[in-house]
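Enquirer: Protein chains in written order, with this note's numbering: chain A, 1 to 309; chain B, 310 to 663.
Hints are supplied without guarantee of correctness; some may be wrong.
[As the list claims (entries may be wrong)] Not close to chain A: a few residues of chain B, all C-beta gaps over 10 Å, as computed: (1) 352; (2) 405; (3) 499; (4) 515.
[What the hints assert, rightly or not] Coverage of chain A stretches by chain B, computed from C-beta distances (three or more under 8 Å per stretch; other residues unrestricted): (5) 88-100; (6) 107-118; (7) 239-245; (8) 275-283; (9) 291-297.
Derived by calculation from the structure, the hints in this document are not laboratory data. Cβ coordinates follow ideal geometry from the N, Cα and C atoms, glycine included.
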Amino acid sequence: MGFFLETLFGGLMAGMLYSLIALGFVLIYKASGVFNFAQGAMVLFAALAMARFSEWFPLWFHFDSKLLANLLAFVAAAAVMVVVAWLIERLCLSRLVNQEGITLLMATLGIAYFLDGLGQTLFGNDIYKIDVGMPKEPLLVLQGSFEGGVLISQEDLVAAVVAATLVALLALFFQKTSTGRALRAVADDHQAAQSIGIPLDRIWVIVWSVAGVVALVAGIIWGSKLGVQFSLSLVALKALPVVILGGLTSIPGAILGGLIIGVGEKLSEIYLGPMLGGGIEIWFAYVLALVFLLVRPQGLFGEKIIDRV
Amino acid sequence: MLYRENGQFKTSYRADQQIFPVLQDRVAMLGLLAIAFIVLPLAAPEYLFRAILIPFLILSLAALGLNILVGYCGQISLGTGAFMAVGAYAAYNFQVRIPGMPLIASLLLGGLCATAVGVLFGIPSLRIKGLYLAVATLAAQFFTDWAFLRISWFTNNSSSGSVSVSGLNVMGLSVESPVSRYLLCLGFVCVFALLAKNLVRSSIGREWMAMRDMDVAAAVIGIRPMYAKLTAFAVSSFIVGVAGALWGFVHLGAWEPAAFNIDRSFQLLFMVIIGGLGSISGSFIGAAFIILLPLLLNQVPMWFGIPLSTALASHLESMIFGALIVFFLIVEPHGLARLWSTAREKLRLWPFPH
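Required output: the full structure, derived from the provided sequences and hints.
Expert: Here you go:
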């Protein structure tokens, strides 16, 4: 039982991390109808920027406070992501308005190639460390109830708390601010939003910037776990089943989907894996999502698809 | 002046229904085939076959198959690499386990196995649509990646996990030299392109297109969605499977699952989109573009004599590749094939536009 709980907790926390990346997909899809395959590349780009800035700033400005370096690097990396968002909107998306979904998807794949190349050209292609002082030692809880207790990685716990905070902040932003209201209006109906004077292009820049900052947070957390390297951009592939399971247009869906996939993955790896020969994590998530979609084709909380002739 | 159909009168239905109704097109096509079948095998250097022509032919075959699914039936698939892998590994097993199996037969049987898997993964398309389906097809990709890596029966218990074929021959003729391999691929491509062209302009092709344009409306006028979608998956994955078998047998010779990973799927989707969705010739143009572009990008720094480290060169290459993809999507979202058809319309009126 203790072991089962441990796996369960591990799955829940891994799920929070997937949700963090899935959130970026959902934000952009909701506001612009673009399925952004470049999200993974954005995570890598942001993490590279963060890692290198926090390394360079102390050298450039001659100080050695780690906290200051990390803070400055975070601000600088966020600024870089905003610039990237603006450039993507200006140079690419604004010229592809009204194209079909698949053309936009391919364009974001092109952007992904570009960002992968650019990030590694600018910031180098070694493995870098991000050290924001995440606690590394595991935590032992529930020692009273089970023999041996339950081991929980503190790093995952912090990451899950950060993810939850970010989601809460985003929910506030979407519900309570006027920009958030404009974003929701654009998501509902581009034309209607435009007709009441909401500037589409500015909204898109905002939403890509927000997705960029979300990517930065995801990059910091994943980067400090795995190290910042090219394979970080593949993390997005693990978040895709989360997105479709939760529904492309739903932020709570991304969270719940992440938790389901995270738990499903870990439990299947432990209990089904040995039977099938191991390494089933990656496709199990997709098959889980596929089976779910057969029952609810629009995902858990996605908007119901209504076909009209 | 040179390209117009004035004076070319059709006097029978047969003449009216031919694939190339304009005489000049027929002449150009015959010329192209003559170059491909006669001039190139005589004149081209070995490097050209190995590095460009054979990969181009096989990948354009795969792109053709994908185009039937994505371009004609409107079902986005990101799992093409999986169907190629199924074709390749099935053909390998037929070749190795059945003594005296003819090469062509194992290639086609490999295609049939890919068809079965394709239909299986096509079944969700009856319920899941659009981008949800696209992501769901990734399940096929990751599952086959895993299956061919972990289940050793598929690789004939090979210890390294990679499989290889050798001593290929077609009806006693050895296909070991680059020229004969090229001709084998060319034969397959020509036959399948002709079949595909005829399929898409027959009733089933029209059903696919109706499905693509609006599936509910198509169902209302009496097209069975299940039949139309599953046949598209079947035909598409058959062609893709044969292409996969050719890729393994003829181009690589020895391969492991990584040869058919997700990058291959994206690459094929790029070919179809850059070339032109819903166009047979677009598949070829797209394949040529995607294959030649990296080769060209590799050469450019050398022409200017700029020394670049390999890492930097590959990053720059991926940057330029991505930027060019976006550029072409912006300039011509309907693909390069559309450029050609626009040019043809202009040519018909030239030099006296009314």
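Enquirer: Which of the stated hints cannot be reconciled with the structure, identified by number in ascending sequence?
Expert: Violated: none.
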